[in-house]
Amino acid sequence: MMYRSNTLECAPLTVGFRAVRVSGRLTHSPYAGMPYLSELRPWPLQQPHEYTSIGMFEVPYEQPVIMSSQQRDGWLADLVTSAIQAVPGINLTVIRMGGPESQLPAALLGQDVLLANEPGPVVARTQADDRDGIFEIWQDIRTEGYSEGNNSLVLTMHGAALVAPFVTFAASHPELSRLADLSLTAVPAGCGWGEE
Amino acid sequence: MSARGTLPLPVGGMTSPGSSEPAWTAPGELARLETPCYVFDPATVESDYSDLKRALGTPLLVSLKANPNADLFVRCAPTFVDGIELASQGELNVVVGRSPVAKFINTPAMDQTLMRAGIASRATLILDSLPQVEMLTSLTPKAKPLPVMLRLNAASLVGNVAPPGGGDHFGMDVPDAMKAIIRLRASGVGLRGLHVFAGSHSFKSWSPMILTAVERLLPAVEAAAGAPVDLVNVGGGFPEDWRVQSALFDEYRRSLSRLSSRVKVYHESGRAVFSGCGHFVTKVIAVKSVNGGHVVICDGGIAQCFNLAQTERVMKRLRRPVVVPMREASGAPKALSGQVRVVGNSCSRADVVGELDPAVTVRPGDRLVFSDCGAYTTYSPTAFLNLRAPTLYLVS
Chain A
1 MMYRSNTLEC APLTVGFRAV RVSGRLTHSP YAGMPYLSEL RPWPLQQPHE YTSIGMFEVP
61 YEQPVIMSSQ QRDGWLADLV TSAIQAVPGI NLTVIRMGGP ESQLPAALLG QDVLLANEPG
121 PVVARTQADD RDGIFEIWQD IRTEGYSEGN NSLVLTMHGA ALVAPFVTFA ASHPELSRLA
181 DLSLTAVPAG CGWGEE
Chain B
197 MSARGTLPLP VGGMTSPGSS EPAWTAPGEL ARLETPCYVF DPATVESDYS DLKRALGTPL
257 LVSLKANPNA DLFVRCAPTF VDGIELASQG ELNVVVGRSP VAKFINTPAM DQTLMRAGIA
317 SRATLILDSL PQVEMLTSLT PKAKPLPVML RLNAASLVGN VAPPGGGDHF GMDVPDAMKA
377 IIRLRASGVG LRGLHVFAGS HSFKSWSPMI LTAVERLLPA VEAAAGAPVD LVNVGGGFPE
437 DWRVQSALFD EYRRSLSRLS SRVKVYHESG RAVFSGCGHF VTKVIAVKSV NGGHVVICDG
497 GIAQCFNLAQ TERVMKRLRR PVVVPMREAS GAPKALSGQV RVVGNSCSRA DVVGELDPAV
557 TVRPGDRLVF SDCGAYTTYS PTAFLNLRAP TLYLVS
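Which chain is which? The protein sequence lines are A and B, in order.
If you're matching positions, the first sequence starts at 1 in the working numbering and goes up one per residue.
If you're matching positions, the second sequence starts at 197 in the working numbering and goes up one per residue.
Hints in this document: simulated from the structure, not taken from any laboratory.
Only a predicted model underlies this, so the values are computations on that prediction, with no experimental measurement involved.
Check before you lean on any hint, since a few could be wrong.
Just so you have them, the derived chain B footprint on chain A, three or more residues with Cβ under 8 Å [what the hints assert, rightly or not]:
id, segment
1, 38-46
2, 63-72
3, 147-153
Yeah, the Cβ is synthetic: ideal placement off N, Cα and C, and Gly gets one too.
In isolation and in its complexed conformation, chain B is listed as follows (with noise of 0.2 Å):
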């Protein structure tokens, strides 16, 4: 839950007489949902994207990746004013005729059709290696890209490669870099930046390295390309609860000053900006007990929302949601005892989503309600069991 969901109104919508929870949560709106399902609030993305911005006191890009839903980009794409970052021709294809606002595109995976596709949309593309950069010299000078920008590699830039081959796999090592620029420099593309990012909740304990060795770094890239970048995109890795952490935003910002008085830094965020922007929806399909414990089933879970398997989490901390009682929900209340889980459809031993308090009652066909579910909502590890996909919503 983050620091935002425990406001006393939701950010956006509208909210019922003399309740906190939003208007469409009432059993008779709820009803009318296809469930499994998500509710996108536009007003909430628009709010914390600015929220995060004001704290970071740079640019900031939207890593769609964690929120590719066209209806959501067109209602926020106003409000992303430093641009997206795209990682694929299916993301690229999202965005494209639908805004003029500034992309990106970085993959280790971009090929020849995607990085076609970048050049004739105006994209600044992220080379990741260098053979991306070889593939983009042999398109040119028929094929007029923007001048790029390179992705380092995070563990290679801080000097933390332990052992050799260690780090994760994006972006070029240092001596490859440097050999990018003068490669690139001598085909006549033009070196706009670098990008550096070191994984998802990664800020705290890398975002202090990242700047110190990016400014240790640009005078020999500077030096190399002939000319000075324009900008340096260092990441982010923030989390869905980065209010929690203001104190450390504060003494991050002072930290930028240096970096900033000799060229544009920008921070990118998927995670901080859709996560509290929605939320999963599941129907209650049966209750049942097991060896003195409760089970309720529900029709949606990790097939659906796979951030509720909290992967990315050292301990997994159950969610709670929310139990709206529907009118129509078939049988009496049933009373329920010792521990009670909320589990998805998916016939996975892993597809645990939420705990329930033992005092809530709960019959089949109520609706629950995991909030702070709107980021990385189309990751999914397989498609197994063909469950139905969920449905898709916005709030006006």
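Only chain A is shown next, with the shape it has when bound in the complex (with noise of 0.2 Å):
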């Protein structure tokens, strides 16, 4: 049975769980009320059939933009770097990243940092190599007027040592704690993610 919760409280998580998940969704920008710089560009678009194509992205969307893509690759950044410190067993985190859009920040492109447009076959194949400690962030969130997403997140701790302060860690963070639609679930070892 998995132990699942809409709060960070770990009260319940001492030991038995081989995993935990912390995902949920922003609502407003980490940066609230500070200037960035302008980003984006009108298309270098001329003929008509470049219309056409362009037109398919524009679709509603239900969450807004709320970060320039600077600002969301300089907030993982600082969430890699934070996680780090308050989790030392951490030795390899994997983030869902497309093409950047920008020059990345240093603490993106450590040897310890993967960028991946699907991390989870990638942590599935580091784990079968018996690695744990992995940190992966399942990230969504929109920077342009065409990105799909919803501005969700998803931290997954794989490492039973590493349960425990992880969630210690998300808890005291001050934008994962406020997350909407937030949730934790652990997973306890022997188990998978679809067991319950």
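Since each chain sits alone in its own frame, please combine them into the complex, following the hints.
Rendered as structure tokens:
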């Protein structure tokens, strides 16, 4: 039976869990009130077929754009840095990220950070090699009008010894603790995410 | 200064504890900004748009020419539910692919490239002249435009053309509009509606006349088109401080009821939507005295914020920017006397953008913040001196 909670209380998480997942949705910018550089530019379009093609992206999205791509990357870099400081056992971070839209912060280019379009298979492959202490960040933060996504965030800490310190970290993090639709799921040793 | 600007707290952003100024105007935060620059607040755009739409009681199009910044558009597009008006391919390229909001394209300079791009973008074309009508019909039936709108010349519509050839150069006079409708009908192009706009700051004097004239013309238009029209965009011309005319808006809203009962009435605005969202920030380069007065020389002025030239005002009343003393500013604060003029960096004698109270101390390095500068930020008469363009920031 997995442990589920819609808060970040960690009291029940003593021993016996092999992984923990914190998920939720950002509803405001972590940089509220602060200026950021305007990045977006007009498209270099000229021909009618180009306009027809790009029109396919004009669909309504429920969630607003709340950050620029540089802000998102900076925030993820801060998240990685602070998580590694709070949970020293992390030895690999895998982040869901498409092609970078601007120069990435150094913290996202470290040798123990991997950027992937889909982190799941990368994590599974790494675990198959008996490597643990993997911090998986699945983010869907909108930074452009055409980008799909719902500003959701799923953070998974793989490694029994890291479950409790990671939940403590998440509970004290100023933004993670205020995510909308917040939930915490812990997986007992010997169970997969789908087993309840 | 708009009425909104007198509120104790700015709309959007965060404020410093115990202060009515946004947090980003603190010296430490201003030091991070590359000047001259603009700082736009999307929350203010959304709030000002909603307030104006509520005051009018009709759908409200946003004229993107007033602020075509792509980041601001992406942040605010969900609010612009009624549509946006575009006047160039460059503006179209800001919005395409970024929002499903309805697009309207209107410019007397629409060429075939823009027309084709607009049709491909599923924009509603607002045709400005008989040559544009002919251009469109030459593209059909291969191109399949949405039903179009016609722009009527405001002076012609209200019968206020004196001397002959007077009025502005936008849109068609009424006889040409009737010819256009017949031509479109014969070509199988639908007529969606009419658009009239009398220009900036025209709301108070022109809008009542436009309503009456449109109502009078509609039966003939619909008879010529062979079908009822869907909407009429009666323009706007709202000033940035439209809130001080609340009684006028109440009366105007009531006067819309007859026209609204037979057709969808739209308004459009750029200045009133964007003006309040923008601050222009410039750095003091030097302070000097001339002929008994003082001059504060800045790294930005009318070359980056032409609004401060106040060319659309009959009486130019110099703005008084907020002076933010910076810790790293050089030299002792200088006691000023006489008239204190704030000037920009364009080497133009017209580049006097503000004045300061002589009691204010100012040093090189200090920042000056001009509020209500969010509209028409890209307007620049020349590229004289190859001066640095303003850096653009948004507030999260």
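Now the hints, each set against the structure:
{"no.": "1", "hint": "38-46", "result": "holds (count 9)"}
{"no.": "2", "hint": "63-72", "result": "holds (count 6)"}
{"no.": "3", "hint": "147-153", "result": "violated (count 0)"}
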